[in-house]
Amino acid sequence: MSIFIDSETKVVVQGLTGEQGKFHALRNRDYGTKVVAGTRPGKGGESVEGIPIFNTVEEAVEATGANTAMTFVPPPFAKDAVLEAAYAGCDLIVCITEGIPAKDEAEMYDLLKEKTSSRLLGPNCPGLISPGKSNVGIMPHEITMEGNVGVVSRSGTLTYQAVLELTNLNIGQSTCIGIGGDPVPGTSFIDVLDAFQNDSQTEAIVMIGEIGGSAEEEAAEFIKKNVTKPVVSYIAGLTAPPGKKMGHAGAIVSGNKGTASAKIEALTDAGANVVENPTRIGQAIKDVV
Amino acid sequence: MNLFEYQGKRLYQDFSIPTPKSIFVSSISEITDNHGLKYPVVVKAQVQVGGRGKAGGIKVAKDFDELTKFSGEILGMDIKGHIVESLLLEEASDILEEYYISFTLDRSAKSYLMMLSAKGGMDIEEVAEKNPDDLIMLHISPSKGLDSETIIKSIEDAKLNESYKAELSDVISNLYKLFVEGDCDLVEVNPLAITNNGVSALDSKVSLDMNAIYRHENFKDFENEIPIPVSEQFAKEKNLNFIKLEGSVGIIGNGAGLVMSTLDVVSEHGGMAANFLDIGGGAKAETVTAALEVLESEDNVKSVLINIFGGITRCDLVANGIVEATKGKELKWPIIVRLDGTNSKEGLSILEQNTNEKITISSSMDEAAKLAVEGAI
Numbered sequence: 029m030s031i032f033i034d035s036e037t038k039v040v041v042q043g044l045t046g047e048q049g050k051f052h053a054l055r056n057r058d059y060g061t062k063v064v065a066g067t068r069p070g071k072g073g074e075s076v077e078g079i080p081i082f083n084t085v086e087e088a089v090e091a092t093g094a095n096t097a098m099t100f101v102p103p104p105f106a107k108d109a110v111l112e113a114a115y116a117g118c119d120l121i122v123c124i125t126e127g128i129p130a131k132d133e134a135e136m137y138d139l140l141k142e143k144t145s146s147r148l149l150g151p152n153c154p155g156l157i158s159p160g161k162s163n164v165g166i167m168p169h170e171i172t173m174e175g176n177v178g179v180v181s182r183s184g185t186l187t188y189q190a191v192l193e194l195t196n197l198n199i200g201q202s203t204c205i206g207i208g209g210d211p212v213p214g215t216s217f218i219d220v221l222d223a224f225q226n227d228s229q230t231e232a233i234v235m236i237g238e239i240g241g242s243a244e245e246e247a248a249e250f251i252k253k254n255v256t257k258p259v260v261s262y263i264a265g266l267t268a269p270p271g272k273k274m275g276h277a278g279a280i281v282s283g284n285k286g287t288a289s290a291k292i293e294a295l296t297d298a299g300a301n302v303v304e305n306p307t308r309i310g311q312a313i314k315d316v317v
Numbered sequence: 022m023n024l025f026e027y028q029g030k031r032l033y034q035d036f037s038i039p040t041p042k043s044i045f046v047s048s049i050s051e052i053t054d055n056h057g058l059k060y061p062v063v064v065k066a067q068v069q070v071g072g073r074g075k076a077g078g079i080k081v082a083k084d085f086d087e088l089t090k091f092s093g094e095i096l097g098m099d100i101k102g103h104i105v106e107s108l109l110l111e112e113a114s115d116i117l118e119e120y121y122i123s124f125t126l127d128r129s130a131k132s133y134l135m136m137l138s139a140k141g142g143m144d145i146e147e148v149a150e151k152n153p154d155d156l157i158m159l160h161i162s163p164s165k166g167l168d169s170e171t172i173i174k175s176i177e178d179a180k181l182n183e184s185y186k187a188e189l190s191d192v193i194s195n196l197y198k199l200f201v202e203g204d205c206d207l208v209e210v211n212p213l214a215i216t217n218n219g220v221s222a223l224d225s226k227v228s229l230d231m232n233a234i235y236r237h238e239n240f241k242d243f244e245n246e247i248p249i250p251v252s253e254q255f256a257k258e259k260n261l262n263f264i265k266l267e268g269s270v271g272i273i274g275n276g277a278g279l280v281m282s283t284l285d286v287v288s289e290h291g292g293m294a295a296n297f298l299d300i301g302g303g304a305k306a307e308t309v310t311a312a313l314e315v316l317e318s319e320d321n322v323k324s325v326l327i328n329i330f331g332g333i334t335r336c337d338l339v340a341n342g343i344v345e346a347t348k349g350k351e352l353k354w355p356i357i358v359r360l361d362g363t364n365s366k367e368g369l370s371i372l373e374q375n376t377n378e379k380i381t382i383s384s385s386m387d388e389a390a391k392l393a394v395e396g397a398i
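Sequence order for the protein chains is A and B. So for the first sequence, my numbering puts the first residue at 29; every next one is plus one. So for the second sequence, my numbering puts the first residue at 22; every next one is plus one.
It should be emphasised that the hints constitute simulated quantities derived from the structure, not laboratory data. Beta carbons are placed, not taken as given, at the ideal position from N, Cα and C, and that holds for glycine. Heads up, some of the hints might be wrong.
To be verified - The list that follows gives simulated cross-link-like pairs (lysine to aspartate or glutamate, DMTMM-like), each with its CA atoms no further than 20 angstroms apart:
#, chain 1, residue 1, chain 2, residue 2
1, B, LYS165, A, ASP297
2, B, LYS90, B, GLU51
3, A, LYS141, B, ASP127
Stated by the list, open to error - Interface residues of chain A toward chain B, partial, derived using beta-carbon atoms under 10 angstroms:
#, residue
4, THR45
5, GLY70
6, GLY72
7, PRO103
8, ALA130
9, LEU139
10, SER216
11, ASP219
12, ALA223
13, ALA290
14, THR296
15, ALA298
16, GLY299
17, GLU304
Said to hold, decoys possible - Here are the in silico distance ranges between beta carbons for each label pair:
#, chain 1, residue 1, chain 2, residue 2, range
18, B, SER184, A, GLU142, 47 to 53 angstroms
19, A, GLU86, B, LYS165, 38 to 44 angstroms
20, A, ASP222, B, THR171, 51 to 57 angstroms
21, B, GLY72, A, ASP297, 31 to 37 angstroms
22, A, MET173, B, PHE255, 51 to 57 angstroms
23, B, GLU395, A, SER75, 32 to 38 angstroms
24, B, SER129, A, GLU293, 17 to 23 angstroms
25, A, MET29, B, GLU246, 54 to 60 angstroms
26, A, ASP222, B, GLU202, 46 to 52 angstroms
27, A, SER75, B, GLU307, 38 to 44 angstroms
28, B, SER318, A, MET173, 38 to 44 angstroms
29, A, GLU174, B, ILE247, 47 to 53 angstroms
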């Protein structure tokens with residue numbers, strides 16, 4: 029098993045006619061992902077390299093049985109696109125779009141929770157890949173291999189780095205997921221950790237965080253209570269200059285959380301092996317699997 | 022983007038949030054006797070740093086002589102490394118009570134958060150720590166918003182002066198409106214005061230979500246008024262995320278996480294980064310060329326590490342950018358390039374076909390960092 033996607037996943041690409049959407053959708057299809065449809069209002073009836081285009085996600089779902097949406101729609105229209113995919117019944121929506129206003133993200137998250145049962149991954153994320161099964165997003169599949177380590181990260185490119193370190197040591201992955209670094213991610217570390225803990229294919233977990241916010245501290249608490257599989261972690265930004273605090277309100281909400289050392293301490297305390305350099309992730313996993 | 026007090030107060034006026042009558046000046050010559058303000062007038066340094074009052078950046082003038090004297094003293098003053106370039110001259114208020122209010126996004130709860138306290142005008146972080154009961158924390162559903170019954174209840178819970186309930190309720194409602202419609206990351210008023218003229222926002226701390234710039238014409242105007250360090254101006258023109266640091270290894274990477282991590286690995290090899298430079302996702306050749314141009318104007322750079330892991334970014338385009346920026350040039354410093362991910366084979370072959378003796382290709386992040394640190398010595 030893998031989490032969230034598998035070889036039966038059928039993808040509808042929102043924004044398939046754009047440069048990025050087309051490039052990555054075709055890459056995903058070449059990898060073996062079932063890319064069954066694209067949407068672009070006004071271009072229904074056309075096709076891109078054999079992939080049929082529909083005016084709406086609802087039509088695409090009806091005609092092709094798509095159950096997952098991948099969104100490349102520009103920021104001003106992204107909220108409506110994600111909601112459209114959810115209302116059309118997609119179980120998973122992977123939103124790659126970067127630069128969506130925080131208010132749109134907060135409203136979108138609220139409405140998804142309240143009115144649908146769809147899972148949103150992102151926004152501003154690289155998507156996810158279950159090696160050998162399906163790639164929904166922009167991750168370079170060349171660096172992955174099928175196996176038993178689950179990878180979850182807030183940062184896109186750093187996810188790739190971690191995956192490469194594993195593959196270089198001949199350690200395969202069950203699913204690699206980038207949750208995105210935006211203020212209101214649809215899927216949190218905790219959601220993914222929970223899924224990995226319950227996934228029979230996954231034997232160990234790599235979790236990559238970075239400075240800012242308190243998502244890693246919350247994940248550490250969850251690991252302490254619920255995760256029995258070994259966790260290797262890396263937190264980026266130990267040597268980064270301290271950022272500006274957002275007024276007193278920001279300080280009150282985040283308290284002492286947010287620094288690399290606070291996150292490392294919380295994760296170590298939860299039993300994770302926290303490495304200080306991403307190039308050591310592979311060896312640290314090798315030690316436990 | 023954090024705004025100056027005077028900019029935040031302009032937004033307050035746009036949203037009918039009362040503030041004292043004031044004028045904004047950036048030189049002494051702009052201050053004439055017919056400024057139209059009633060004395061006493063408060064002279065307030067416009068700097069984005071806390072504790073300006075204690076540092077002498079706020080003074081109360083009782084007449085025109087004092088107004089020009091104090092303004093002259095404060096303009097140009099250095100407050101914790103921030104030079105005062107402008108002033109807000111504001112009618113002083115008779116303060117009866119001081120409250121604290123803020124609206125922000127609580128990322129953990131994934132909802133908006135209002136904080137309200139009758140103990141404003143002082144260090145609110147201390148209130149939160151020592152007397153948490155004096156700070157009302159109310160989560161607001163982003164899709165449902167804040168209704169007037171909830172506002173009234175919060176005013177009562179926070180034990181604000183009930184004789185001003187209606188007026189306070191309007192102000193709170195308008196602050197929330199500004200927070201949401203104005204796409205603010207933060208709206209904070211400390212103090213929100215009851216004065217002889219009624220409720221008044223005496224200070225402002227507003228931060229804007231620049232992702233929303235496309236739907237707000239005034240964001241660009243505010244941005245143009247905020248001075249940025251000379252070292253970051255060029256990068257900003259090129260739309261690059263650049264922060265100057267103290268070390269000697271110039272860093273170019275894609276994605277904030279990978280760039281931060283590159284800083285960490287350089288530091289582990291005994292070096293120090295000269296900068297943080299993120300070319301972002303989906304960069305084109307021109308972006309990479311511009312990034313190298315930015316580093317060329319930095320004197321402290323002694324070697325450059327380009328660390329790219331392609332996802333949405335294509336390594337062939339990055340390689341084209343490197344070639345474009347370096348072709349036929351005598352480079353000031355060695356460049357170590359590491360390319361992995363999407364189209365990395367194509368990218369590496371472009372670099373191999375356009376060799377430059379100062380450019381070294383490395384196959385791993387660790388080795389690349391090591392070479393860059395050695396190259397900077």
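**Message:** Output the indices of the hints that this structure fails to meet, ascending.
**Reply:** Numbers 1, 4, 5, 6, 11, 12, 13, 14, 15, 16, 18, 19, 20, 22, 23, 26, 27, in rising order.
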